[in-house]
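Residue numbers (my numbering), protein chains in the order written: chain A, 2 to 338; chain B, 19 to 567.
These are calculated hints, taken from the structure and not from any lab test.
Using N, Cα and C, we set each Cβ at its ideal position, and we do this for glycine too.
One should not assume that every hint holds.
Pairs of lysine-lysine, DSS-like flavour, derived with a Cα cap of 27 Å [what the hints assert, rightly or not]:
1. LYS30/A x LYS311/A
2. LYS241/A x LYS122/A
3. LYS400/B x LYS309/B
4. LYS153/B x LYS78/B
5. LYS309/B x LYS399/B
6. LYS241/A x LYS153/B
7. LYS463/B x LYS400/B
8. LYS196/A x LYS463/B
9. LYS282/A x LYS30/A
10. LYS493/B x LYS400/B
11. LYS241/A x LYS260/A
12. LYS156/A x LYS153/B
13. LYS282/A x LYS122/A
14. LYS254/B x LYS30/A
15. LYS260/A x LYS254/B
16. LYS241/A x LYS311/A
17. LYS78/B x LYS196/A
18. LYS311/A x LYS122/A
Partner residues are not named here, just some residues of chain A that face chain B (Cβ under 10 Å, in silico) [stated by the list, open to error]:
19. ASN74
20. ARG78
21. LEU212
22. SER298
23. PRO300
24. TRP332
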Amino acid sequence: MKRTHILFLFLFAFCQPLFPRGDGDVAGKLVVYTYDSFSSEWGPGSAIAAAFLEETGIAIEFNAPGDAITTLNQLIRDKSRADLIIGLDNSLLSRALDADILEPYETPLLELVSPEYVIDKSNRLIPYDYGYFAICYDSQLLETPPTSLENLTSKAYAQSLVLMDPRTSTPGLGFLLWTIAVYGDRWPDYWERLKPTILTITNGWSQGYTLLVTGEAPMALSYGTSPVYHVEYEGNTRYKAAEFSDGHLMQIESMGIVKGTEMRREAELFIDFMLNEFSQKILAMNNIMLPVMKNVSLPASFDAALQPGKIIPYPSLATNSEEFQRIIDNWTEIFSQ
Amino acid sequence: MNSKSKWGGGWILIGPILIWGLAFALPISSVLTKTGMVPKTMMQLISSPYYRGIIGLTFKQAGLSTLFAVILGLPGAYMIGRLKFPGRRLLKSIGTIPFVLPSILVVLGFILVFGNSGLVNSLLRLIVSDADGWKILYSLRAIVMAHVFYNFPITLRVVGNAWSSLPRNTYLASRSLGASPIRAFFSVDFPRLAPAILNSAVITFLYCFLSFAVIIVLGGGPQLSTLEVEIFRLTKYQFDLSGPAALAIIETTFTVAIILALGWTDSRLRRRNLDDSPAVRRELERISTGKLIAISLYLLPIFVLILTPLLSIICYSFLARSTRAGTLALSLNHWRDLLHVNGGILSVSMLSIIRTMLLGSIVAINSTINAALVSWYTTRKKRAWILDALMVLPLGVSSIILGLGYLIVIERIPHTTMIRLMALIGAHTIIALPFAYRIVAGGLKTISPRVLQAARSSGANTVKSFLTVELPMAKQSLITAAVFSLALSAGELSASIILAPNSFTTIPMAIYRMIGTYNIFAASALGAILICIFLIGFLAIDRIGDSHT
Chain A
2 MKRTHILFLF
12 LFAFCQPLFP
22 RGDGDVAGKL
32 VVYTYDSFSS
42 EWGPGSAIAA
52 AFLEETGIAI
62 EFNAPGDAIT
72 TLNQLIRDKS
82 RADLIIGLDN
92 SLLSRALDAD
102 ILEPYETPLL
112 ELVSPEYVID
122 KSNRLIPYDY
132 GYFAICYDSQ
142 LLETPPTSLE
152 NLTSKAYAQS
162 LVLMDPRTST
172 PGLGFLLWTI
182 AVYGDRWPDY
192 WERLKPTILT
202 ITNGWSQGYT
212 LLVTGEAPMA
222 LSYGTSPVYH
232 VEYEGNTRYK
242 AAEFSDGHLM
252 QIESMGIVKG
262 TEMRREAELF
272 IDFMLNEFSQ
282 KILAMNNIML
292 PVMKNVSLPA
302 SFDAALQPGK
312 IIPYPSLATN
322 SEEFQRIIDN
332 WTEIFSQ
Chain B
19 MNSKSKWGGG
29 WILIGPILIW
39 GLAFALPISS
49 VLTKTGMVPK
59 TMMQLISSPY
69 YRGIIGLTFK
79 QAGLSTLFAV
89 ILGLPGAYMI
99 GRLKFPGRRL
109 LKSIGTIPFV
119 LPSILVVLGF
129 ILVFGNSGLV
139 NSLLRLIVSD
149 ADGWKILYSL
159 RAIVMAHVFY
169 NFPITLRVVG
179 NAWSSLPRNT
189 YLASRSLGAS
199 PIRAFFSVDF
209 PRLAPAILNS
219 AVITFLYCFL
229 SFAVIIVLGG
239 GPQLSTLEVE
249 IFRLTKYQFD
259 LSGPAALAII
269 ETTFTVAIIL
279 ALGWTDSRLR
289 RRNLDDSPAV
299 RRELERISTG
309 KLIAISLYLL
319 PIFVLILTPL
329 LSIICYSFLA
339 RSTRAGTLAL
349 SLNHWRDLLH
359 VNGGILSVSM
369 LSIIRTMLLG
379 SIVAINSTIN
389 AALVSWYTTR
399 KKRAWILDAL
409 MVLPLGVSSI
419 ILGLGYLIVI
429 ERIPHTTMIR
439 LMALIGAHTI
449 IALPFAYRIV
459 AGGLKTISPR
469 VLQAARSSGA
479 NTVKSFLTVE
489 LPMAKQSLIT
499 AAVFSLALSA
509 GELSASIILA
519 PNSFTTIPMA
529 IYRMIGTYNI
539 FAASALGAIL
549 ICIFLIGFLA
559 IDRIGDSHT
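Next comes chain B alone, as it looks inside the complex (with noise of 0.2 Å):
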């Protein structure tokens, strides 16, 4: 290290550390005082039956949904990390969508689809016309259903290049000491995709546990309440800010103890892989036609799975019913209404698309700066875990309570609709920062210093190499981190619901309003622009990803 990268390093962090500050360490640390760290709060809210049992329902239902997410995700782990067929990359590809869809259109797909008018039932009807319906809907049942949906992709993806990285040497060995397959997978594949197989499932966990969007939709009501919507429904509707303090601290121990053990348990499991050679990848199985066979059995259900609910709500959006209980027929009102423009008036709709743009390139904007701005710090310290951990602490709490946070900081000031808007400006840029952090880091490390060291020796000074060096090579980078900060904040429901001055509504906000009246046909046609712009997000990150490996 030189003099020069010295004095460079510090003030660039200024920038950064005063909005992790004001952002994110000062309304959790106004969370955590609100309660006055009293444990009586909290031993009162433990021991009464109610919370105890919303405390067992939040496990239950993550634990459930869990363990089906990770059994429907191995099989197509294994197809990805083991097999070549036609449509693998496909099934890569398309395994994603859920992971980074809003979870408000997947509530909302779930409804067009499972629904009692559903398109399930409606098929149930034709072919018994006096059938029941199968009510889905509202139930343990049904969220769990929804969370396996949205959550088994992330098994796919993790387990599956894990089994993709498998080690070919080891491998091999073992099947000439006379080993059969079954055995060399169990003695030798097994072990070393457990690390993947746990941190898929702890990753599950964790969604469910925080799932907001799913539960209170498909769920609801006392009976199947966990701690996230409760800690909403007393900030929302109570006005109560130490209650749901205390829910929040409750919720948190719980979300941080899993991370540790997870850390423990996974760091156990890999250092008894530590003495694999460098990993040369094993070479895909070619398969057979009866293999073949087996894969279209899990892939056409998994293909009908992730596109039905998707594809249901744009058709949906072309839909329309006479009357409320009318027949359903081909029709352009719910566009034409969204487009529809009175005395100079914009729809509601419109709007909603006009302000998650703003709010989006807003949060993209100030979260891409600072992930940059730390990252560059980072890569060129050696000892910069500290900020390392600091940028990726706010994924451990979740987004309801940030928004509590931010409610009991400017609970004392006059709250006007640009201190509101600024906290959900603030909010959104916490929630997207940790992934515009780790996708810059991930850019800016893979630039060989050697470069750095000859733009240095040609005359130029860190600033001037940063702006014409590094800036353009980590340009891929920072428009992924930008891409990825913008869909996230489109998306993002829970802080926008509690944060979010009157009127100002965003796309996922308009959306739920629509469920909860139940308009399906204009929460449809504006949950199709939400998916585009989702897919246009998808497609430039695949893009860029493909020409960056």
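Looking at chain A on its own, in the form it has when it is part of the complex (with noise of 0.2 Å):
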């Protein structure tokens, strides 16, 4: 027994170097709550991240529980050990303003966004970037597109759109707002007439979009940006985002000081960094979201972006209260067997 357990001691202590080094020793380390995507190798955040200790020797480091919703229920959860938030959008935005998480920061660059932009009068959260959401598609695989949240219903896309769910998933939620804002109280006939052409529902928009990309479904749920993303990188226009006329919701994406913090100094400096010209460029090129901030120039690739003609406001709905439950309880029961 003894032996063993020096022997599994020894394991450990060799294991160590190899295991990730963790909430243990984030002493002088900005810890940052995001949205998976947005710090995995490939996401804005690492270079964003690398760039800002470079230029202030602060370190950053990430916590990325999985999407934005989930990441606003970690915090909630244990909001003491994180100093910064990235990734709240509107439809969370009533949700962390009443769980009372985030001191306001007034930030000089904020002069430079368009006020349209501003979803937060108190200033406890700031917005970063936005898009529309949009249905993409497959030109090679759809040649006549659906013009309306309707037309989506027809027969002809039978089996062959991929939808998020919007208990865990962002954009997911983001559509059905869009069903209610459109639809008003009628959303659960529309969700029923919809059904035959749901080919999946997916946890999140990555696993949900790359089954367009793949050919695995000629349409997903994606945002109107989408599009820039082959252009820029694969010269390709074969992915377009259809225009609905019913218009389209804006989705802003914003960040905010967790509530606090003992480095808040550090805080103000990388919200401001997220708003500078290099952090700005990064997010469009690495979201494929627009910029917030009125001085940033975008490479032609972003002519493929979707121009909506018509832009609608979010349902005002707040995330936490017994209404949204009841809608997100419907939602599910559209879906019972």
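Each of the two chains sits in its own frame; use the hints to bring them together as a complex.
This is the structure:
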């Protein structure tokens, strides 16, 4: 027994360098909660964090438990461990503000942000990029793209749309809110009609969108800016975003300083850094979203982005309210067997 | 029993019992207490149409999968059990492969073969150029097909073994009394096969009932979700621990009820066959050409069914597309990426391999030592059935629920990376322990008590006889147990995905994520490595098993 314990300890000591260094030694690091695709090797997070470290000497530690909804859930649970949160959108705004977990920061850089993007007048959540939800399609598989939410229910599109689960994905939630904005109380009827069009509902955006680009499905819920990626990095115009006559919902992504942080100054520095031209460009090129700052010039590939003729406001729904929970329950019941 | 072995017994169990209590009993009991045993949450869940639908689908997919898996497995079981033909041994070995494969590889192989741009549809488009393609993924059909592929070997092995050990005399007696072969089969053989068929069906049902990777990848969404996936979704995404705890209790109630029902029916079925004389095995039949053709009609599709997904994984790892929708070309890119070292930093895939092997080794050492200590005790005590039962009990709890239990336990303490890792090691150890225990106890039981008496009478004390006699004799089963534990840990996905700390990625987790982003080729490269790990383990066990018998 003793010998095995010693062996065990040895194994552990030996393995230590190979295990990730994590939550135990965060002193001096700015802990940023964010969604996983932001901080992944391919996301904008690592490039911005590296440049930030070089300029200020402050290291960033990302904690990315999953989608933005998951991230907010976790932050509300253990707020004492975070300094900043990045990636909350309109649908999570009221929930984050009601939870009272953020401190206001009036950055002078807000002057360069168009007022339509400033979703939180109390400046606890500061916008950094935006985009429009849209149904993207593969023009080689689909000759006539849908023209409206109603048109999407047509028999011609049976079994061809990939959506995301509104319980686990912000675009998924965005699409549900889009249908509520257009159909009001009659949204469940719309979803009943939409059901035959749906091929599958994935947990997150990346799983869903990759079904489109690998030819598994001709349509997927994504962003009006998604075609930009294919033009910029693959030089092809095969994937397009369909413009809907109902209008499109504008998603604004924002960040905020966590209440009670001991690194307030560093957090402010990072927020300003996210709004400088370098980061705004990385966000545009990497997240394939549009920058909120006025002074950022974008490459020609961004001409491929959908410019919706009509923008519709988010339906006013607090995501932690009972009404919201009832909507989610209703939505899941539509899919009960 | 002499006095020595009396005191020699107790202390040896301290370690295993401590680990069992901390790593299994504690998390599971916290799942129970989390709901406060209040039936209110549970009633709420059961009364919602959504969750009723989920429960319904869980039963439906498991029932359909079991039905088809048993039907597909029975002819093979008959061949293994009754016939002598070239390839019998191969069928037996190859038939085991899907069963020991990690489910994530089954899923990966399934996508490569049946996906919209997979093997079947590519062939279809070669023949009919404007074919729409056969849409099979994301449906109940896809789930059932993957489950059948994954589980029919259970029937093949279990019923095949029963078939080959049928008693000879009763059958011959009934034939000589004038019964036709068919009648003799139904009156003599079938009742004796029934327990084996029932057992394999119930095991298959339980595996499908608790299936995770297959459902979450090939089904998914609210339309195709099961209890296990729903527990995962609530735990992982909603940070709600009492909802999933209630679902976990519902799920476990079902599995326990199924296991108890099996035990009851099984003992009734067996009681009828008690009067069998010690079995003299019937000889295997030599087969005619006609039968040989019939057999190959079964065997060829089976071999194709088993080997195509595996070979696809290996082939795909050597392919690449020029662009996302470009044409396929031979390429070593994914292997280069895997082995690439960038400024002293290993690739994510390489790190996942190292971490998986390290985690697996710790788990293997841990579970084998514990299994050995307990088996050493249980093989020399007569009334050790409680310990027996305790060791096997973790089999009845799904890995997701185990993971959930750990989350509830560490929820109250600041969960550092180290604690998360300990939880992961604990969960994997508990998952491997029942198997390790069965293997080691089986090995120790074959050592004749006379050998031990001889050792004692020549002056060796308990410890010395253990170290010098039993340990070397049990070496093979210890190695088998360790290899098996390592393989189980290396293939485990669901508990890992819940418990692993940020940025600690094992091979199955990496493959799961790569499938999620449809990085099929990189997933295949990593999948090929996992297949190698399993083949080496499988061959080792197969060989040790051979030299054993």
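Checked hints:
1. LYS30/A x LYS311/A: Judged against 27 Å, a Cα distance of about 43 Å means the pair is violated.
2. LYS241/A x LYS122/A: violated, 35 Å
3. LYS400/B x LYS309/B: Since the Cα atoms of LYS400/B and LYS309/B sit roughly 49 Å apart, the hinted pair is violated (cutoff 27 Å).
4. LYS153/B x LYS78/B: holds, 21 Å
5. LYS309/B x LYS399/B: Violated, at roughly 50 Å.
6. LYS241/A x LYS153/B: holds, 23 Å
7. LYS463/B x LYS400/B: holds, 12 Å
8. LYS196/A x LYS463/B: violated, 59 Å
9. LYS282/A x LYS30/A: holds, 25 Å
10. LYS493/B x LYS400/B: holds, 23 Å
11. LYS241/A x LYS260/A: violated, 41 Å
12. LYS156/A x LYS153/B: holds, 17 Å
13. LYS282/A x LYS122/A: At roughly 25 Å apart (the allowed maximum being 27 Å), LYS122/A and LYS282/A satisfy the hint.
14. LYS254/B x LYS30/A: holds, 26 Å
15. LYS260/A x LYS254/B: Holds: LYS260/A and LYS254/B sit about 25 Å apart, inside 27 Å.
16. LYS241/A x LYS311/A: Answer holds: LYS241/A to LYS311/A is near 18 Å, not above 27 Å.
17. LYS78/B x LYS196/A: holds, 21 Å
18. LYS311/A x LYS122/A: holds, 24 Å
19. ASN74: Holds, because the Cβ-Cβ distance from ASN74/A to chain B comes to roughly 4 Å (cut-off 10 Å).
20. ARG78: holds, 6 Å
21. LEU212: It holds, given that the least Cβ distance between LEU212/A and chain B is near 7 Å, below 10 Å.
22. SER298: Violated - the Cβ of SER298/A stays beyond 10 Å from chain B, reaching only about 27 Å at its closest.
23. PRO300: Hint on PRO300/A: violated, closest Cβ of chain B at ~19 Å, above 10 Å.
24. TRP332: holds, 8 Å
The structure is inconsistent with the numbered hints 1, 2, 3, 5, 8, 11, 22, 23, although it conforms to all the rest.
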